[in-house]
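Next come the chains, spelled out residue by residue.
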Amino acid sequence: MALTLCATLTALPLSNAHAESPTYGAFELKVGTYTPSIDEEFTAPGPYETFFGTDSTLHLEMEWSMYFLQSIGKFGAGLSIGYASDTGKVKVATAGASSSEVPGETIFTTIPLRASLLYRYDYSAIHHNIPLVPVVKLGLDYVFWSVEDSDGDAASFRGVNAEGAKAGWHGALALHLLLDFIDNPASSYMDMTWGVNNSYIFVEYMYTSINDFGGDGFDLSDNIWMGGLAFEF
Amino acid sequence: MHMTGLSLRSFLCLAAGVSLMTALPLSALALTPTTNAEVTSAAFTTITHRNDIDSLGTTAYMGIDECIDAVNGGEDIVVQFNTVSNLGLVDASGVVPFIGGFYFEVERDSATSVTCSSDTTVCSVLETDTDVTVNETNVIATVDFSRLTGITSEDECLSGELDKEYFIRINFQTDSTLSTVSHADVRVILDTQRPNPPDSFEAVLTESASQITWVDDSPSSDVSGYVMYTSDVPITGNVLAEDLENLRRVGIILDNNNNSGTIDADLIPNSSLYVTIATEDEAGNMSEVLESQAVTVLDTVDFWEGYKTSGGTEEGGCSSTPAQPFHLSWMILVGMLGLLPRGVRRLQSKL
Numbered sequence: 001m002a003l004t005l006c007a008t009l010t011a012l013p014l015s016n017a018h019a020e021s022p023t024y025g026a027f028e029l030k031v032g033t034y035t036p037s038i039d040e041e042f043t044a045p046g047p048y049e050t051f052f053g054t055d056s057t058l059h060l061e062m063e064w065s066m067y068f069l070q071s072i073g074k075f076g077a078g079l080s081i082g083y084a085s086d087t088g089k090v091k092v093a094t095a096g097a098s099s100s101e102v103p104g105e106t107i108f109t110t111i112p113l114r115a116s117l118l119y120r121y122d123y124s125a126i127h128h129n130i131p132l133v134p135v136v137k138l139g140l141d142y143v144f145w146s147v148e149d150s151d152g153d154a155a156s157f158r159g160v161n162a163e164g165a166k167a168g169w170h171g172a173l174a175l176h177l178l179l180d181f182i183d184n185p186a187s188s189y190m191d192m193t194w195g196v197n198n199s200y201i202f203v204e205y206m207y208t209s210i211n212d213f214g215g216d217g218f219d220l221s222d223n224i225w226m227g228g229l230a231f232e233f
Numbered sequence: 234m235h236m237t238g239l240s241l242r243s244f245l246c247l248a249a250g251v252s253l254m255t256a257l258p259l260s261a262l263a264l265t266p267t268t269n270a271e272v273t274s275a276a277f278t279t280i281t282h283r284n285d286i287d288s289l290g291t292t293a294y295m296g297i298d299e300c301i302d303a304v305n306g307g308e309d310i311v312v313q314f315n316t317v318s319n320l321g322l323v324d325a326s327g328v329v330p331f332i333g334g335f336y337f338e339v340e341r342d343s344a345t346s347v348t349c350s351s352d353t354t355v356c357s358v359l360e361t362d363t364d365v366t367v368n369e370t371n372v373i374a375t376v377d378f379s380r381l382t383g384i385t386s387e388d389e390c391l392s393g394e395l396d397k398e399y400f401i402r403i404n405f406q407t408d409s410t411l412s413t414v415s416h417a418d419v420r421v422i423l424d425t426q427r428p429n430p431p432d433s434f435e436a437v438l439t440e441s442a443s444q445i446t447w448v449d450d451s452p453s454s455d456v457s458g459y460v461m462y463t464s465d466v467p468i469t470g471n472v473l474a475e476d477l478e479n480l481r482r483v484g485i486i487l488d489n490n491n492n493s494g495t496i497d498a499d500l501i502p503n504s505s506l507y508v509t510i511a512t513e514d515e516a517g518n519m520s521e522v523l524e525s526q527a528v529t530v531l532d533t534v535d536f537w538e539g540y541k542t543s544g545g546t547e548e549g550g551c552s553s554t555p556a557q558p559f560h561l562s563w564m565i566l567v568g569m570l571g572l573l574p575r576g577v578r579r580l581q582s583k584l
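Going down the list, the sequences are from chains A and B.
Each residue of the first sequence is one higher than the one before, starting from 1 at the first, in our numbering.
Each residue of the second sequence is one higher than the one before, starting from 234 at the first, in our numbering.
Excised from the complex, chain A in its bound form:
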């Protein structure tokens, strides 16, 4: 099946009818699911699962990258910012009381900042009519986090406020599908009007380790699957 797909994609026309402008970098918009590894500190069920359940939360991210070397593929560096927020119901502290109908919510929010080095193998896409572009990334992360109480304020317990940041690193593998072959004239128009050379749809697997490099406290690590759109300019 993979061979059939590859053959089909290879057979599709990919040549551009116009001379493309130089390519300097790319912009990615992606969405995935995220569950931090906070409960690794505890035996199951940990507090994160207790308050927010087992379902992952939606994670949004956008990345801006610049190329510093273009030969067989492109080498570059990127900067990204993301957002994820999970909402759960507060629990009752009174012994014997049920939490099932208690009003009030608690919210856990993360805002990751990432710096990456990346490599895009688009040589075959450009020269061999294969519209698949694998991408490899490696970089460092700094993730801001906070917890809100049912008043909407930053939660606090015994004088310790529930907000902070954790450092870590990530590695990612992505596969981009070049969309130019779908509508070549539109692609040319985007290049001439907006400076967008190429547009892609992609899937990305990102391994993150966000725990202050083995320090104490929250472990915000997760293996994140994301999908999105990328635009080369």
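If you are wondering where the hints come from, they were derived from the structure by calculation, not from laboratory data.
Beta carbons: idealized from backbone N, C-alpha and C, even for Gly.
Treat the hints with care, as some may be off.
Okay, the calculated beta carbon distance ranges per label pair [said to hold, decoys possible]:
{"hint": "1", "chain 1": "B", "residue 1": "T265", "chain 2": "A", "residue 2": "D55", "range": "45 to 51 angstroms"}
{"hint": "2", "chain 1": "B", "residue 1": "D287", "chain 2": "A", "residue 2": "G159", "range": "47 to 53 angstroms"}
{"hint": "3", "chain 1": "A", "residue 1": "S85", "chain 2": "B", "residue 2": "N492", "range": "26 to 32 angstroms"}
{"hint": "4", "chain 1": "B", "residue 1": "D450", "chain 2": "A", "residue 2": "T33", "range": "42 to 48 angstroms"}
{"hint": "5", "chain 1": "A", "residue 1": "T43", "chain 2": "B", "residue 2": "N492", "range": "37 to 43 angstroms"}
{"hint": "6", "chain 1": "A", "residue 1": "T43", "chain 2": "B", "residue 2": "E478", "range": "35 to 41 angstroms"}
{"hint": "7", "chain 1": "A", "residue 1": "E49", "chain 2": "B", "residue 2": "C551", "range": "22 to 28 angstroms"}
{"hint": "8", "chain 1": "B", "residue 1": "N503", "chain 2": "A", "residue 2": "D55", "range": "28 to 34 angstroms"}
{"hint": "9", "chain 1": "B", "residue 1": "T542", "chain 2": "A", "residue 2": "Y83", "range": "26 to 32 angstroms"}
{"hint": "10", "chain 1": "B", "residue 1": "D450", "chain 2": "A", "residue 2": "D55", "range": "44 to 50 angstroms"}
{"hint": "11", "chain 1": "A", "residue 1": "T87", "chain 2": "B", "residue 2": "D388", "range": "52 to 58 angstroms"}
Given chain A's structure and the hints, the job is docking chain B onto it.
Chain B in isolation, oriented as in the chain A frame:
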């Protein structure tokens, strides 16, 4: 039976009209205040004792308390109708547009249209130059509350029998044949009927977020909301809150379903309160309260407290590890920010 195209179309129009008519609530067909191309807006300049005025500014609501104050205080209701031209001057048709001012009453939500003229008994006349003043860009109408409503004593306000609409109207013409008489009006809704309280309720109180639900199988048609009262002592049912002492009134923020709501109040965890509920209508009239329930304010735990009491080691604050990778990551991130302006400039040069 074969239906022609014309009759089929007529049938469909009739069916659509009937469906629309039956789907609309009665109040949508009721008599409502009017403005038009000549009288572009109308507003109550003075109506001291009123509970509320609608968003259009043409309907004022008065309840029991406002009725009592208006009767005892001799309320003058003053209305300003803003006009495009001077209705007191002869216009291009050779007529003085302004005909006269009137007032009349109808039952609540009445759908019967009313035509006022100087020789009808349905409407009472406002005297020009004493009750009504015609100016260059507006017409001012003034009528005393007792004269408008016929209420002259406090006991009539307390009777609980009134639920009427009172219109203050001006008529004007736009041609010499009087074939086209237009009007503009405002409305005072006087409602001295108290709404019914709910049948039962249940309250869950926490230190910062509380919820109350109630059952109201036969709500009054003009219910605008519900109010919760709390007290440190039991609250007797079937009495008015205003007749009780030491009650704390807490407004309820209604949920979409109208039989539950949340309240915003700081309560002490593990304390006990007595809670009751009452209904409020559009005119601000309150129902009697229900027999109170004893409720304990629940102490709740958010995720952070739950994490810390479970033994979590996170201390909050920015990443404080002195390890090299932390400082390195910050340096790289800050360095990356320097690439952004360069990238923007390159993109701009391409465009």
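Hints violated by the structure (numbers, ascending): 6, 10
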